[in-house]
Amino acid sequence: MKKGITALVIVIVLSVSAFASNSDLLEKWMYSNYYAKRIMIETGPKTRIRREEVYKWGPDKFVKVYEPVKVNWVRVGQLCYMGEDVLRRSPMLILDLEDLAFKEILQKSPYSVKKTEEGTLVEIRGSGVYRVLLDQNGFPKEIERYYMDTKSRMIYEEVRPLTSSKEEVLKGYTLEESEIKIPPELLTLLSNFRFIIVREGVSGLEIEGVFKNGQKVEIFVGTNLSKEGFKITVNGIDIVVVSDRDTLNEIKLILQK
Amino acid sequence: MDEFDRLLDGEKSLEEVSDDVRRSYQLYRKILEMYKVRCEYTPSERLKEKILRRYKRKSAVLTGVLLGVFASVIFVFVLFDTLSLPSYRKEKLAQVQNPVVSDVIYFIKTVELISDGW
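Residue numbers (the working numbering), protein chains in the order written: chain A, 1 to 257; chain B, 1 to 118.
A couple of the hints might just be wrong.
[Unchecked claim] Just a few of them, taken from the derived set where beta-carbon distance is under 7 Å, the chain A residues facing chain B:
id, residue
1, Pro68
2, Leu87
3, Met148
4, Ile155
5, Val159
6, Leu162
7, Ile180
[What the hints assert, rightly or not] Below, a list of computed lysine to aspartate or glutamate pairs in the EDC-like style, where the Cα atoms sit at most 16 Å apart:
id, chain 1, residue 1, chain 2, residue 2
8, A, Lys70, B, Glu112
9, A, Lys181, B, Asp103
10, A, Lys46, A, Glu177
11, A, Lys141, A, Glu84
12, B, Lys58, A, Glu84
13, B, Lys30, A, Glu208
14, B, Lys109, A, Glu158
15, A, Lys46, B, Asp103
16, A, Lys141, A, Glu158
17, B, Lys109, A, Asp99
18, B, Lys109, A, Glu208
19, A, Lys171, A, Glu158
Keep in mind that the hints were calculated from the coordinates and are not lab data. Glycine included, every Cβ here is placed at the ideal spot set by N, Cα and C.
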């Protein structure tokens with residue numbers, strides 16, 4: 001009997017310590033300060049490749065994107081800025097694959113942590129499956145996401161602890177508070193998409209994507225649009241949404257809130 | 001022919017050669033004189049001007065025609081580009097001039113490229 005109790009205690013202690021060390025590593029990752037070069041490759045209905053440098057200070061982040069466009073973005077608290085040398089306030093948060101993985105963990109999506117030869121593998125099952133490979137310092141080595149037939153893979157290189165402060169790194173840039181004006185209705189719509197493909201079409205901007213209910217939705221943004229669909233006009237900008245009747249009803253409800 | 005050459009070389013005088021050779025020699029001298037006259041001919045300034053004027057007039061006409069064709073092509077191009085624009089191009093141009101729409105297009109296109117989700 002005594003042996004049984006001792007074994008149970010040992011199992012509990014080991015489980016608790018393993019959980020604690022796993023949580024420690026996740027916490028280390030979330031609050032880590034690092035600099036890295038990274039490449040994001042996405043394959044699926046659309047293919048994207050991005051090459052960038054990232055400076056991370058806990059939840060704050062500065063990313064210098066080199067490919068496919070040369071642009072910088074910074075997130076400080078809940079504020080995001082985007083631009084080249086002068087970074088304008090972004091009307092919505094900019095999140096990369098790492099931020100989305102954090103979001104899943106914070107939203108209590110189930111996850112598992114496993115030690116491997118290459119590092120610690122964190123698997124998160126939320127909206128999509130995330131696999132994050134971390135080193136012993138809690139720095140990411142690779143982040144993968146499988147989502148709606150799309151595989152996104154972020155490969156980190158030259159990851160090193162970041163000692164420079166935000167002020168030092170951002171001293172050559174101007175953060176401008178004048179916000180890029182985007183119709184709030186459009187932002188609300190976009191935030192309900194699972195993913196989007198954007199192209200500049202003949203009548204302005206054409207956004208095609210999968211809505212949160214899994215249905216295909218097209219949004220046309222421009223002036224004097226003659227497209228048929230659910231049309232709203234905000235500050236002289238026409239937004240026409242084209243989808244099936246149920247999805248359009250759902251969209252109308254979302255916009256009424 | 002041999003006799004003619006000797007006459008030209010001065011080995012024989014005109015009296016010493018046959019009548020045929022003498023006639024050929026006179027013809028030869030006449031041709032030489034004609035050729036000399038032809039070589040020494042210089043056209044008068046008036047003729048020169050007349051010829052040059054004709055040439056200049058021709059090139060001016062050609063230049064005028066070419067300029068006319070070029071201007072017509074430009075005119076037709078501008079006419080089609082501004083008056084006969086397809087409606088979708090008109091819309092696009094209108095949007096390019098609308099800074100709010102340009103901002104929206106720039107923002108959404110860039111965010112789509114640099115972010116991985118919402």
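Status of the hints after comparison with the structure:
no. : hint                : result
1   : Pro68               : holds, 6 Å
2   : Leu87               : violated, 12 Å
3   : Met148              : violated, 11 Å
4   : Ile155              : violated, 14 Å
5   : Val159              : violated, 18 Å
6   : Leu162              : violated, 20 Å
7   : Ile180              : holds, 5 Å
8   : A/Lys70 x B/Glu112  : holds, 14 Å
9   : A/Lys181 x B/Asp103 : holds, 7 Å
10  : A/Lys46 x A/Glu177  : violated, 33 Å
11  : A/Lys141 x A/Glu84  : violated, 27 Å
12  : B/Lys58 x A/Glu84   : violated, 59 Å
13  : B/Lys30 x A/Glu208  : violated, 98 Å
14  : B/Lys109 x A/Glu158 : violated, 29 Å
15  : A/Lys46 x B/Asp103  : violated, 24 Å
16  : A/Lys141 x A/Glu158 : holds, 9 Å
17  : B/Lys109 x A/Asp99  : violated, 20 Å
18  : B/Lys109 x A/Glu208 : holds, 12 Å
19  : A/Lys171 x A/Glu158 : violated, 23 Å
Violation of the numbered hints given earlier is confined to hints 2, 3, 4, 5, 6, 10, 11, 12, 13, 14, 15, 17 and 19; the remaining hints are satisfied by the structure.
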